[in-house]
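Enquirer: Since the structure of chain A is provided, determine the placement of chain B on it from the hints.
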Amino acid sequence: MPAGRMNQFKDLTLHYDAPAGFTFKIYANAGAAGATLARTLTFPASTGQRPHTLPLDNPSVLEAVLLKYRAESTGIVRLFGGVIRWRPIGVYFDGANGEVWETQELGFGI
Amino acid sequence: MAFERLKEYRKIRVDLDTSGQMTLYVSTDLPGEDMRLRHSEAINTELTTTGRRVVEVRLPGNVKGRLMKLRMEGGAQVRLFGARVLGRVLGGTEGWNWYVVPIEATPELFATARLPIDPTPDGFATAQLPIEPTPDGFAEARLPIEPTPEGWATAGLPIRTTPDLRTWVDLPVPVVE
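Those protein sequence lines, which keep their order, are chains A and B.
Residue 1 is where the first sequence starts when you use the numbering used here, and the numbers rise one by one after that.
Residue 1 is where the second sequence starts when you use the numbering used here, and the numbers rise one by one after that.
In short, the hints are calculated from the structure, not lab data.
Backbone N, C-alpha and C fix where the C-beta goes; we use that ideal spot for every residue, glycine too.
A portion of the hints provided could be inaccurate.
To be verified - Straight-line C-alpha distance at most 25 Å; calculated DMTMM-like pairs for lysine to aspartate or glutamate:
id	chain 1	residue 1	chain 2	residue 2
1	B	Lys69	B	Asp34
2	A	Lys10	B	Asp34
3	A	Lys10	B	Asp118
Claimed, not checked - Covered stretches of chain B, as calculated for chain A (at least 3 residues, CB under 8 Å):
id	stretch
4	62-74
5	78-87
6	101-107
7	110-116
Chain A extracted, bound-state conformation (with noise of 0.2 Å):
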């Protein structure tokens, strides 16, 4: 993920096994703001290692500059492995900071 830009999150893959389950949260730094809570998800109990995905765009795609996570549990949970969908936002700026968009002197055409 290129650093400085805003990106979408559309959903998350983990692989683990955890026979009491586990709630994984995203904190998410967005533009000026510090990390918040940005998502609290349930991963349901396994008997043994199995693959499960949730969604991050509902009610409306998860948007951040930088993410952090962190897993907690009642018990025991094995984690090996996951992946998180993303992409770019080619030009975001909030005008609640301030900050506008503006281009170059454009010369259209050859």
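Expert: Just chain B, lined up with the frame of chain A:
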């Protein structure tokens, strides 16, 4: 070159998503070779949808120039996906063209990124337990017996030496009364 050709502009199409009202400012360098504001228009995609939409801004008929500059500002958050300008070369034979405004592209598809989780190997590795190994052969160990020297050592006898000169000795004679 394109910047040398005088163009007139008719429309601007912007593909964007705003969280509130913003204002698009359009500046050109003509008339007067002076880059200044020629048109501005409020844009608010929230009025019709909660996400991304294409907004078309119609420019006044007198907007022309060799160079154009666009600026958007306001108090909302904006996701800008693309923009094009409809224009034509004055005095040219080409018709109206949509010119693309250079904006960093937003991929249509999502890419995947691996979370930095340490991998779990498929197979098991071996680890030695800390038990001292037993050698295959026997080792020698010396018994604690004092060694016998090869030669003879000397030892002095306890006899007092005789001095070269005589010395007086007081004899203890008892007194008779």
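Enquirer: Run the structure past the numbered hints and jot down the numbers of the failing ones, going up.
Expert: 2
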